[in-house]
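Enquirer: Dock chains B and C against chain A, hints included.
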Amino acid sequence: MKTWPDTLEHLSKPRPRVDGREKVTGRAEYAYDVLPQGWLYAVILRAPVAAGTVTGIDLKAGRRVPGVRAVVLSQPLPARVRFYGQELAAVAAETREACEDALRAMKVQVREEPFVVQELEAVHPHASRVFEEYGNISKAKESRQGDPEAAMEDSSTTVEGYYATAVNLHQPMETHGNTVRFNGEELLAWSSTQGVFGVRDGLAGAMGIPLSKARVITRYMGGGFGSKFPAGAEGRLAAELSKATGGRPVKLMLTRFDESLAVGNRPSCFARVKMGTDSNGRIKAYEMTGFGCAGYAGGGSSEGGSGGASFPANHLYPAENARIDQRSVTINAGSGRAFRAPGHPPGVFIQESLMDQMALALDMDPLEFRLRNDDSPIRRKEFELGAERIGWKETYRKPGSSPGVIKKGLGCAGSYWGVPGGDSNAEVQVNPDGSVVIRCGTQDIGTGTSTLVPLVAAEVLRIDPNLIKGEIGDTRFPYSGGSGGSRTAPSVAPAVFDACVNALEAVAGKSGMKDVRGEKWTEACGKLRYPIVAQGEWKKGPLSSRGAYGAQFVEVEVDTETGFIDLKRIVAVHDCGLVINPLTARSQVNGGIIMGIGGALYEDRIMDPVSGVVLNPNYETYKLPGMADIPEIDVVLLNFPERGVLGMGEPVHIPTSAAIANAVANALGVRVQTLPITPAKVLSALGQTGDDFYQRSLSDLQRALQRVNEVASLPQETLSEFVV
Amino acid sequence: MKPRKESIGARFTRRTFIKSLGATAVTSAASFAEVSASEMKAAREEMPLGPGAVPVTLRVNGKVLNLELEPRVTLTDALRYHAELTGTKTGCDRASCGACTVLLDGEPVYSCMKLAIDAQGSEITTIEGLARDGQLTALQESFVETDALQCGFCTSGFLLSATALLAANPAPSREDVKHGCSGNLCRCGSQPHIVHAVQQAAGVKKAPQVELIPMNREDLA
Amino acid sequence: MKAFSYSQAQSFEGAVERFHEASASRYLAGGVDLLGEMKDSLLEPDQLVNLKPIPESDSIETGDKAWTFGPNVTIARLEKHGALRERFRAMAEAARHVGSPQIRNMGTLGGNLAQHSRCWYYRHKDIECLKNGGARCYARQGDSRYHCLFTENPCISPSVSNLATALMALDGTIHVLTENGEEEWSVEDLYRDAWRNPMAHNSLAPADLIVRVVVPDVGRRSHYLQQSDRAEFDWALVSAAASARMEGGKLRDARLVVGCVAPGPYQLEEVNAMLEGKALTADLAESAAEKLLDKADPTPENAYKVPLAKTLARRCLMALVE
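If you're matching them up, the sequences are chains A, B and C in order. For the first sequence, this note's numbering begins at 157 and goes up steadily by one. For the second sequence, this note's numbering begins at 78 and goes up steadily by one. For the third sequence, this note's numbering begins at 569 and goes up steadily by one.
Chain A extracted, bound-state conformation:
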């Protein structure tokens, strides 16, 4: 058996999650919940300034607080501080209250230094340098294709625009953290992570023990969205505290305040873009100058933070002639970490806004303009289906032509995500009673992986899924990669498939029967003298592939007197190859869209230019979409079994903010060029507020892009090496 069966019995059918019962009864144990014997509470002491040098911390005062069992420094003093909230020390105590008393007691001596926390300031020569050795702008990453200058010259129509998106925070409901037991020799961590093996490697490395002596468990975790791959300072400090107490388990979970400072973000993006089309409305030329900002150190140093500040350009409906010039800009703020399709939502917002601008210049329906330029048959199909569903032909109006105070608008955007599956291994234990246990060292970050495992096995073995127990989330199980990149399903499903095929062979061999699937299974297993184990791994082949597409449509109403944007309806058409479980797949689509609503309308990590702090380190002023902000979402899934399994966590998030921005621009007849689109910006774009913050931000944006353009002529040594 080498490919998915033509007739599916268990896959592509809506199935409830196998861990649903545990979650709805409160029995599911997250890292936050694990309470091993003798556990201690722990908290982190953080830098109260955006830049400076910490010369002293009164650790003794912390240790004197009753109930405190250990205090450790995060790095030796004096310590350079490069962002507000940087880890300085950590405390473990018998109670949370004692921890907080200790934090209050440990006064920090810090020599404050000038800082820069706003991207559009950081690019200018007068701004403070985050690092003395070089300026805040990096070397460029350039790409050229064809002859963009000539093609632009030749174009019959050109449009130009400049756009920006804000820093967004992952804000998972369960904060980052671990409960770690480390006696100096053996380490056990219950981790809220997307990658048990990555955390194991990180902690073992930091503690100087062999990998064989470290184990990480993640049975349940409360969301990560890309920010929970590394062990982080938070993991390392928990291990050090545990060791300092002689091996007592230490629960170090971040506070919501901490989450906003130091465990990653989606970089902000700034770009000037230009597009040229020929007389047939086909795109022929594209130019982009831009930069992203991933905090200090270009996104590379938050103890495993990996998230450069680049964003894709010219990737949807690509022009043959293109010039793209991108840089990274540094500020005194927490480092970026990969965030659900890194770079793509801002990149698509920029590209798709420009597409609508060009459609307007060509006096063409924006959907028609896309179909004319979209060379992807799958995505074209999705655009057509979505357009029909939302009633595009009947409802679309030219920008700003909706009558009345409440203006209606329609917008759309496309998606592509091309990451394939990869390294994953699984083992199958077959019991003589026919029951089966599958072990795989992957993790379920909310996507339904723990349900995928028994369903895939049931499909291959052709037995009742209730006979199959899937066990995941433990480094004692066969290696599987971290859950990110939308790679989990296309990695794990083939590995489980392979292990089950090998199990069938093994059972056949031992039982002496030929085909042991389905109704023969129990009989064949009954012939086993003891449980047998078969291994399997992901292999490149027909079981999974790459390249998931999508198209999303949004209908809005905008109150032009208050600036309030009311989302009326969203239609999303997506593919992910063979749909393993349409019910959990629809949850994924909803999730990506709702996160996109946040990016489009509410989310913005705001730095204070006066004090250098994060101004909104909470759920109150860093605003996530609430129940009442979410419209009817109409999801259509295309099932393409012949393409094998594809992941979908990211493609479903990529186009949403672009589609919303286009719908708002269509409603108003003017475009808000920076995300998030707030009522304040709408009123400003409509000319009701004079020379306000938004108008100034657009001039600042232009000046910053101009400056970044000029910087190419500066002596090379003033540019930072941070990779875009």
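Hints listed in this document are in silico derivations from the structure and should not be mistaken for laboratory results. None of the values given here were measured: they were computed from a predicted structure. Glycine included, each C-beta is placed from N, C-alpha and C at the ideal position. There could be a bad hint or two in this list.
[Stated by the list, open to error] Where chain C lies over chain B, by a calculated footprint (3+ residues, C-beta under 8 Å):
(1) 126-134
(2) 140-151
(3) 174-185
(4) 192-200
[What the hints assert, rightly or not] Each computed BS3-like pair below joins lysine-lysine, with the alpha-carbon atoms no more than 25 Å apart:
(5) Lys693/C with Lys216/A
(6) Lys263/A with Lys863/C
(7) Lys282/B with Lys169/A
Expert: Structure of chains B and C alone, referenced to chain A:
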């Protein structure tokens, strides 16, 4: 508004009188004719508790829990770390996300902003108290059936808000569900399925099927 | 939170006595605002005095001439009270927009009126702004998007109590037990100190106790509107409340108030006067709203509040005749 005088210094009060009797002397103060038994009882009720740990009695899911807690311990922490009922979650500790929602006398509250000592005398219902003898409520079943959860961290809070909503409004519209659960955040994006789950459990509307369109290469040509 | 002792009050006078038995007491009602400030070390009381046991402190007395509310009436009760919605719609609507169901179940009328500034500089644990005894108002040079259009002092943090805005439009009074005994304050009185003193959130001293809120019933129609970034569970960017008696199709004793734009809810005598005796038309509503915002002095970040406040004021007035 009248202008303010200087701040008033210590005054002789009923409490200072009681204090002056000494702790054990309180019970033998019947000889002081002008202090009635009910006044004594009232005075004792007004005695300050803490700041150290004091006995706190909580009625949780129909059971009595006898805990020793400092007054500053929140109800969330009392439940999670002192009673080891970890189904109630900490999401923000600032009354902004609803992960810590419990019912107090049937009404949803943020347990993170409730002192445990202040929750005495109320009937507290946590997620662990919904199912009876392993039998899930219709709402819990419906959450599982309609996939109204992903990572599950917000689920306890939503279930408690929705349980209270259905008790007050057995046939909620979509808007009712949104308004009733507006104090609960979800980052995974389960809100649409949560609306399905609540309306399905209420018998108002069955959750819609997922639209799955089979495709192959020929269909694209 | 820092450690504290905890006592229960059995009467208002008793509460004040309990208060004075420690050096840094605070009253505890709903606790949503207070505990938030304690968790961020903005307030560090050594004693909390729980007001909830005070008998009758959560009563609603409906009278022919006026309604009387105990300070511990929850916001949820105000939201759900059918007769209140008919008599004093502005109050019911203001209550409906407070926070979330959980917050409305915990929060009290007294607490909502007495709540402290939500300015993100004031609330930040690592910033000592003017309001918490520091040297400067950070919002003035920083991000003032949520801040005042009108002010008379260096602090530009606005009052954000929904109920205060509605009560001003209804001529509600707040009865406060102070060191001088019981005083009757207008809503304007309640916020007078916030206009004058950058360190004040309102005119209440820490030991003062709201003992009742009285709303006269003179046959007014009223309404309340607000606009936030999000549809629900979000602080208002701007709010508005309006009320008037209608006599023969003319407005009598009209009040037009905007909230979240000044240290207290904001109304002008001359605006209320220009509505007196007139038929309510769209033009009149627009002129009134314009005049109410005439002296607005916005910052670049909060300039949007001017057109927004005008719109909400105008729509709120028009709602009286819809």
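Enquirer: The structure should be examined with respect to each hint, and the outcome stated for every one.
Expert: Hint-by-hint comparison with the structure:
no. : hint                   : in the structure
1   : 126-134                : holds (count 4)
2   : 140-151                : holds (count 4)
3   : 174-185                : holds (count 5)
4   : 192-200                : holds (count 3)
5   : Lys693/C with Lys216/A : holds (23 Å)
6   : Lys263/A with Lys863/C : violated (46 Å)
7   : Lys282/B with Lys169/A : holds (21 Å)
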